[in-house]
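Protein chains in written order, with the numbering used here: chain A, 1 to 422; chain B, 1 to 303.
Everything labelled a hint here was simulated from the structure, so no lab data went into it. Some clues are possibly wrong.
Keeping only pairs whose Cα atoms sit at most 30 angstroms apart, straight-line, the calculated BS3-like set for lysine-lysine is [to be verified]:
1. B:52 with A:253
2. A:253 with B:179
3. B:179 with B:221
4. B:179 with B:257
5. A:3 with B:221
6. B:3 with A:2
7. A:2 with B:126
8. A:19 with B:131
9. A:19 with A:297
10. A:2 with A:19
11. A:141 with A:155
12. A:19 with B:126
13. B:283 with A:3
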Amino acid sequence: MKKLLFLAVKDVRVLLSDKGNIFWVFGFPVLFALFFGAIYAGAGKGPSGMKIAVVDEDKSEFASSYISKLESDEALQIVHLSREDATEQVRKGKVAAAVILNKGFGEGFEALFNSDDPRLEIASDPSRRMESGYLQGLLAKAQFEALGDKFIDRKWMRDQINLWRDELENANDLDAEQAELYLNFMDSFDTLLKDANEESFNLGFDGDMLNFAKMDVSREYEGPITPFQITFPQVLLWGFLMCTATFAISIVKERTNGTFDRLRIGPLGYAHILGGKGLACFLTCIFIICILFFGAKAIFKMPTGNLPLFILGLFCTILCFVGLMMFICTLGRTEQSVGAAGWAILMIMGMFGGAMMPLAFMPSWLRPFSHFSPVKWGILALEGAIWRDFRFTEMISPCLVLLAIGISAFSLGVVMLRRQEN
Amino acid sequence: MIKADNLKKRYGDIVALDDVSFEVDQGETFGLLGPNGAGKTTTIQVLCGLLKLDGGAVELDGKRDPSLVEVRLSLGVVPQALAIYEELSAEENLRFFGRMYGLSGRQLNERVANCLEIAGLSQRRKGRVSKYSGGMKRRLNMICSFLHEPPLLLLDEPTVGVDPQSRNLIFDTIEDMKKQGRTIIYTTHYMEEAQRLCDRVAILDHGRILDMDSVENLIVKHGGPSHIEAEFEERLSGPDKIRPFIEDKNIQFEETKIRFATSQPMESLAMLNRSGVRFRSLKVQTANLEDVFLNLTGRRLRD
Numbered sequence: 001m002k003k004l005l006f007l008a009v010k011d012v013r014v015l016l017s018d019k020g021n022i023f024w025v026f027g028f029p030v031l032f033a034l035f036f037g038a039i040y041a042g043a044g045k046g047p048s049g050m051k052i053a054v055v056d057e058d059k060s061e062f063a064s065s066y067i068s069k070l071e072s073d074e075a076l077q078i079v080h081l082s083r084e085d086a087t088e089q090v091r092k093g094k095v096a097a098a099v100i101l102n103k104g105f106g107e108g109f110e111a112l113f114n115s116d117d118p119r120l121e122i123a124s125d126p127s128r129r130m131e132s133g134y135l136q137g138l139l140a141k142a143q144f145e146a147l148g149d150k151f152i153d154r155k156w157m158r159d160q161i162n163l164w165r166d167e168l169e170n171a172n173d174l175d176a177e178q179a180e181l182y183l184n185f186m187d188s189f190d191t192l193l194k195d196a197n198e199e200s201f202n203l204g205f206d207g208d209m210l211n212f213a214k215m216d217v218s219r220e221y222e223g224p225i226t227p228f229q230i231t232f233p234q235v236l237l238w239g240f241l242m243c244t245a246t247f248a249i250s251i252v253k254e255r256t257n258g259t260f261d262r263l264r265i266g267p268l269g270y271a272h273i274l275g276g277k278g279l280a281c282f283l284t285c286i287f288i289i290c291i292l293f294f295g296a297k298a299i300f301k302m303p304t305g306n307l308p309l310f311i312l313g314l315f316c317t318i319l320c321f322v323g324l325m326m327f328i329c330t331l332g333r334t335e336q337s338v339g340a341a342g343w344a345i346l347m348i349m350g351m352f353g354g355a356m357m358p359l360a361f362m363p364s365w366l367r368p369f370s371h372f373s374p375v376k377w378g379i380l381a382l383e384g385a386i387w388r389d390f391r392f393t394e395m396i397s398p399c400l401v402l403l404a405i406g407i408s409a410f411s412l413g414v415v416m417l418r419r420q421e422n
Numbered sequence: 001m002i003k004a005d006n007l008k009k010r011y012g013d014i015v016a017l018d019d020v021s022f023e024v025d026q027g028e029t030f031g032l033l034g035p036n037g038a039g040k041t042t043t044i045q046v047l048c049g050l051l052k053l054d055g056g057a058v059e060l061d062g063k064r065d066p067s068l069v070e071v072r073l074s075l076g077v078v079p080q081a082l083a084i085y086e087e088l089s090a091e092e093n094l095r096f097f098g099r100m101y102g103l104s105g106r107q108l109n110e111r112v113a114n115c116l117e118i119a120g121l122s123q124r125r126k127g128r129v130s131k132y133s134g135g136m137k138r139r140l141n142m143i144c145s146f147l148h149e150p151p152l153l154l155l156d157e158p159t160v161g162v163d164p165q166s167r168n169l170i171f172d173t174i175e176d177m178k179k180q181g182r183t184i185i186y187t188t189h190y191m192e193e194a195q196r197l198c199d200r201v202a203i204l205d206h207g208r209i210l211d212m213d214s215v216e217n218l219i220v221k222h223g224g225p226s227h228i229e230a231e232f233e234e235r236l237s238g239p240d241k242i243r244p245f246i247e248d249k250n251i252q253f254e255e256t257k258i259r260f261a262t263s264q265p266m267e268s269l270a271m272l273n274r275s276g277v278r279f280r281s282l283k284v285q286t287a288n289l290e291d292v293f294l295n296l297t298g299r300r301l302r303d
């Protein structure tokens, strides 16, 4: 056991003697954590609003009121531009759409609901149809809210009623009985606007026209409390991937420069030598975990979740990657070939396993492939312990998969290595 | 002490060892002399158990399995490649390999200090090996194998690519090991090294031992005659004057110079002196292992 430890310590010292190794094994995962943590932190504050351009060619009071309704909507980010600039920005993809308020937009209900001569235009990128549909909903909401303000403007409403009365009286296509019915309604409405006292009127008409009940889903959801809880398993897996590649290459380096043979000639068993490498890889992974874990706790106040299950998940994940390290080192006879083959395999594992992009964002047809990546199982085990509130029974399946991959890869690696040596 | 019995090893179609047999006694320095690809390194790798044999057997100190821990503890192997950790210092390398051989505490400290002294690396003990010269690395590569003081040493071309100073230091170290009674197998393609260090030499080519004996005997058997080249003060009045004193009938005359082959150079010179000629210069070229190899294979060692 002592010799195993000396072998491992030597490997860690060799690793630490190279600044490049230190960066890739320890520094890169930290940068990765900070980078993606910051991205998710931004996401945690809610999406920044959809950026749209508004062109006010009407310049009416109603248009101003409408624009201020749009500006007060958190889902939108408004920029004021001329028609030409706005369409140019849409073309370049810098804004999702341009909303153009044509002349006559604020002339009243007729102007707003006249389908023959629309006073509001939306210029949007055809590739962003979903955003365009969403925007139309927001514009309709703002329109109703602006109209709501007009409903409590008694003078404006009574002018509108007079206009409608004139139209009804002059309508040739309406029979006399029906016209009488609408005119009576207009008279009653006008009486209401004229005679209702302020308090009762405001009670009836004030308030939002379209008032949705909002429920903050994230507060109901017992998921990650900080964005670093999401990135932490991914970052750890990146650290393990780096460590796996580095130690796989170090074994080949030892084989090519003869130190591996020198160790084989010594009074050590084959198991000792390979065990020493495995232990060194294991210890380095532990260093990575310590740095990231205590860093995340101290700086980002990251909650731990279930610590015993977290340790179990880590143990299984590290063993899996130690096994992979042993297999990868047999994929070539030179540092270059193992480096290239190793990175190709590990990158694919990372890509399909959710180390680059969370599985939730992956196309559904691609997701089944992730089952073949140990990275997916590692992330699942760690997330399960940190924030998915897995029970021990739920941890068993990812842990068993990880152990199975690790043991198989290690055994295969040892067999291939022995065959290559002879 | 070491017995190699009909060693056979192939790499695909290439025959690396073809019935190689030899025995090395305790305290003897045995040389394997041959060009690149002769099978020297394969022999060393087979002896220390790095390679599996296709046929034959190896016996080290009476034991047939080189993978036994007690056998490996008695073995010190200096590989041809620089099998040291360049990222560590000389002292760290020695400490690491010492610990692998079970050394610790004061014993380890003393051995490390002693080895650094022998290799002339005491001053640079803390420096990273990657910054060392080629010769320093070679010395460290060698001394790492002596740390556990093994009675049996296998040295595979330990002087490849070193400067003369380092080469002399390596020779001195090996001669010290010889004096201490260690058994040594030394491979080289430099005949000067084999002549200087080895008690017996096996001439190896294409995986076969062509002959094996002491250096002197090999030269006598296969080296051919020595050559004498002499220049005289005055032009020879007639070759017939000295011809009776020289056995070689193919004697070459040229103005004041002659050149001839002889199996007994000292006697030939004495007779030539008795003929009354006055020498201006004299060059005696005796046969060496290079000639032995040339005569045995038709090729030079470095062809």
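Right, here's what the structure says about each hint:
1. Distance hint between residue 52 of chain B and residue 253 of chain A is fulfilled; the C-alpha atoms sit about 22 angstroms from each other, no more than 30 angstroms.
2. This hinted pair does not check out: residue 253 of chain A and residue 179 of chain B have alpha carbons roughly 37 angstroms apart, beyond 30 angstroms.
3. Note on residue 179 of chain B and residue 221 of chain B: the hinted pairing holds, with a Cα-Cα distance of about 28 angstroms set against a maximum of 30 angstroms.
4. Pair hint residue 179 of chain B plus residue 257 of chain B does not hold up; C-alpha atoms about 45 angstroms apart against a cutoff of 30 angstroms.
5. For a cut-off of 30 angstroms, the pair hint linking residue 3 of chain A to residue 221 of chain B is broken: about 51 angstroms separates their Cα positions.
6. The straight-line distance between the Cα atoms of residue 3 of chain B and residue 2 of chain A is roughly 34 angstroms, outside the 30 angstroms bound, and the hint therefore fails.
7. A hinted pair counts as satisfied when its Cα atoms are at most 30 angstroms apart, and residue 2 of chain A with residue 126 of chain B qualifies at roughly 24 angstroms.
8. Between the alpha carbons of residue 19 of chain A and residue 131 of chain B the distance comes to roughly 16 angstroms, so the proposed pair stays at or under 30 angstroms and holds.
9. The straight-line distance between the Cα atoms of residue 19 of chain A and residue 297 of chain A is roughly 26 angstroms, inside the 30 angstroms bound, and the hint therefore holds.
10. Proximity of residue 2 of chain A to residue 19 of chain A is assessed by CA-CA distance (about 28 angstroms); at most 30 angstroms being required, the pair is judged to hold.
11. Simply put, residue 141 of chain A and residue 155 of chain A have alpha-carbon atoms about 24 angstroms apart, close enough for the 30 angstroms limit, and the pair holds.
12. A distance of roughly 19 angstroms separates the Cα atoms of residue 19 of chain A and residue 126 of chain B; the hinted pair therefore holds under the 30 angstroms criterion.
13. For the hint pairing residue 283 of chain B with residue 3 of chain A, the CA-to-CA distance comes to about 59 angstroms; that exceeds 30 angstroms, so the pair is violated.
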